[in-house]
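Q: One letter stands for each residue in the lines below.
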Amino acid sequence: MFVIIMGCGRVGARVASQLARGGHEVTILDLTEKAFGRLDLDFDGTTIVGNGLDVDVLRRVGIERADAFAAATQGDNRNIMASQVARHIFNVPKVVTRIYDPLRQETFELLGLETISPTVLGADKFLHILDPDGVYTAESGELGQTARGAG
Amino acid sequence: MYVIVAGGGKVGFYLGKELVGQSHEVVIIERDAHRAAEIEGELGSIVMVGDACETTVLRAAGAERADLVAAVTGDDEDNLVICQVAKTRFHSDRTIARINNPKNAEIFQRLGIDDTVSATDVVLSMIEQEIPSDHLVPLLRLRHTDVEVVEAIIQDRSAIAGRRLRDIALPSPSTIAVIIRDGTAIFPQPDTAVVSGDEVVAFTTSQNEAALREVLLGD
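In the order they appear, the protein sequences are chains A and B.
All residue numbers for the first sequence refer to my numbering, where the first residue is 1 and numbers rise by one.
All residue numbers for the second sequence refer to my numbering, where the first residue is 1001 and numbers rise by one.
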């Protein structure tokens, strides 16, 4: 499959490198050339310096024929915007978005994005190790209720 | 009216100031505490320090009872998220987002934002209106529709120069609304003839724009 990844931080670089090694066609975007230093030395995908929030840039890197899009920049809002453009404007079949803020994650799950929150995953892991027998709900109190009500 | 202004930069500051002057209830949400204190010094205690992208901050600002949320930070993506959170979580009646990239106007609309404002677009359309070209000048697009209002200046060589409207086959749907001749607006009838130099203001759809240009300006 052809995958576009926005953001060549540690996670983006790792996912891109692994997918390329797995034989997939990978294009990775970042605002700085330096970021691509995190990729595998033998990374054989395409690296593009550009802003993934700009639809012209997305078109240029081939979003119209992409099978998947992953947004892994440091900015929740940048990830959210680019992912919605990929999903709802260019109809990319598989889109995954990193959102650090759990409340924003709830909102944009409601709006149809598939999301990963390192905050929630990390906290759950901590809880599981600290208190293996405890039962903890993933939802935040007040806004969890709003989310259930709206959903 | 209760208005939440997200972002206390220059746009947010003056927007807040004008709204307060018009006796609206306003809160400006500004991330930077130092900047927030500056605004408070000038406008009084209508400032809340916080990141308007945060759900809890919008809730504390009273997003649930806001008549309007205006997201006017300098970043398009932040303004999008602020408006979407306000709509989804707090069912805000109306959201307006400031955008820098004019191409985001259509995207934001498709993602549910009621209105966008682009300074880039405003300046651009002013420049375009200055150009006496054989182009259709886009004047505006009607909100929530595909309808565009465009203007063209009829040239000497235009095939329709001298013809009456009833004899001009416009692409459907489109219509000539007003003809400006020597500074006077004419609301045309089927018998009104178009002459060289006329500024023709027409309503059309984006699909028909190219065909309309061909009819109005083609030779």
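FYI, nobody ran anything at the bench for these hints, they're computed from the structure.
Hints are supplied without guarantee of correctness; some may be wrong.
[To be verified] Anything over 12 Å on all C-beta distances counts as not near chain B; from chain A, calculated: (1) THR32; (2) ALA35; (3) PHE126; (4) THR137.
[As the list claims (entries may be wrong)] Straight-line Cα separation of at most 30 Å, DSBU-like style, residue types lysine-lysine; simulated pairs: (5) A:LYS94 <-> A:LYS125; (6) A:LYS94 <-> B:LYS1103; (7) B:LYS1103 <-> A:LYS34.
Here a beta-carbon is modelled for each residue, glycine too, at the ideal position from N, C-alpha and C.
Q: Hint by hint, note whether the structure agrees.
A: Hints and how they fare:
Every CB of chain B is more than 12 Å from the CB of THR32 (chain A) (nearest about 18 Å), matching its label as outside the interface. Against the 12 Å criterion, ALA35 (chain A) stays outside the reach of chain B, whose nearest CB is about 19 Å from its own CB. At roughly 22 Å from the closest C-beta of chain B, the C-beta of PHE126 (chain A) stays outside 12 Å, upholding its exclusion from the interface. Chain B leaves THR137 (chain A) outside its interface by the beta-carbon criterion, the shortest separation being 18 Å against a cut-off of 12 Å.
Between LYS94 (chain A) and LYS125 (chain A) the alpha-carbon distance is near 26 Å, which keeps this suggested pair within the 30 Å criterion. A distance of roughly 24 Å separates the Cα atoms of LYS94 (chain A) and LYS1103 (chain B); the hinted pair therefore holds under the 30 Å criterion. Distance hint between LYS1103 (chain B) and LYS34 (chain A) is fulfilled; the C-alpha atoms sit about 28 Å from each other, no more than 30 Å.
In terms of the numbered hints stated before, the structure departs from none.
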